[in-house]
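Peer 1: Sequence:
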Amino acid sequence: MNLAMAVPMDLPDRPLASPRARFATQPAIPAPVLAVALLIAAEVMLFAGLVAALLVLRGKAPQWPPPGMPPLPVAVTAMNTLILLASGWTATVANRAVRQGERGRSSQAIGWTLALGVVFLGVQAFEWARLLAHGLRADRSTYAAVFYALVGAHAAHVAGALAVGAWVGWRWARGRLGPIGVRAMLAFWYFVVGLWPLLFALVYLW
Numbered sequence: 646m647n648l649a650m651a652v653p654m655d656l657p658d659r660p661l662a663s664p665r666a667r668f669a670t671q672p673a674i675p676a677p678v679l680a681v682a683l684l685i686a687a688e689v690m691l692f693a694g695l696v697a698a699l700l701v702l703r704g705k706a707p708q709w710p711p712p713g714m715p716p717l718p719v720a721v722t723a724m725n726t727l728i729l730l731a732s733g734w735t736a737t738v739a740n741r742a743v744r745q746g747e748r749g750r751s752s753q754a755i756g757w758t759l760a761l762g763v764v765f766l767g768v769q770a771f772e773w774a775r776l777l778a779h780g781l782r783a784d785r786s787t788y789a790a791v792f793y794a795l796v797g798a799h800a801a802h803v804a805g806a807l808a809v810g811a812w813v814g815w816r817w818a819r820g821r822l823g824p825i826g827v828r829a830m831l832a833f834w835y836f837v838v839g840l841w842p843l844l845f846a847l848v849y850l851w
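This note's numbering applies: residue 646 is where the sequence shown begins, and numbers increase by one.
Derived by calculation from the structure, the hints in this document are not laboratory data. The reader is advised that the hints may include incorrect statements.
Said to hold, decoys possible - For each label pair, taking beta carbons as the anchor points, the in silico distance ranges come out as: (1) 805 x 731: 16 to 24 angstroms; (2) 734 x 686: 37 to 45 angstroms; (3) 712 x 819: 49 to 57 angstroms; (4) 824 x 715: 21 to 29 angstroms; (5) 678 x 711: 24 to 32 angstroms; (6) 697 x 785: 45 to 53 angstroms; (7) 839 x 705: 28 to 36 angstroms; (8) 748 x 720: 38 to 46 angstroms; (9) 728 x 778: 20 to 28 angstroms; (10) 823 x 756: 45 to 53 angstroms; (11) 782 x 816: 14 to 22 angstroms; (12) 727 x 675: 44 to 52 angstroms; (13) 728 x 794: 16 to 24 angstroms.
Note that CB positions come from ideal geometry on N, CA and C, so glycine has one too.
My request is simple: use the sequences and hints to build the entire structure.
Peer 2: If you want it as structure tokens, here you go:
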């Protein structure tokens, strides 16, 4: 067989790139995406430790909750859980709009997401105030300490996500931020939304 026929003749007249050069030209992970991924990984370990502490303490306790503890507001918190899950849906609407370049529609969806998050946090704070008034204090029982550690840690993350989300949403609405930063913020919001049903089941229902 003719060698000239076996070898393609339309190859570019330049040397092939080395493996190192090809690796260098590959797109890197955007910094906001990497930062949120690392943050979520760290938070997963944090909440895994808190859940493990709950399981250990509950396994050692003769009765859980201990006698004399006020009942948790299961019905109200269940409705509040639906509110937070609804914010996950509006976040999905925002994410799709960001992908499609619809800045106005995505900004509205982000606003609804943050508003639902504020409602969720407000209901939580109101119920905690009632529990404190009825004697559920972290300095008086391990049960209360574990309750406030788990639920309070999640609330702190929701508050932080709301603050960052407001800043990101404001910049995005004014054209001062690209879509990657918005989608990274929404990814963390998915985390706080998805984490809550697990905590609700462990703390309020189990």
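Peer 1: Failing hints, ascending?
Peer 2: 2, 4, 5, 6, 10, 11, 12
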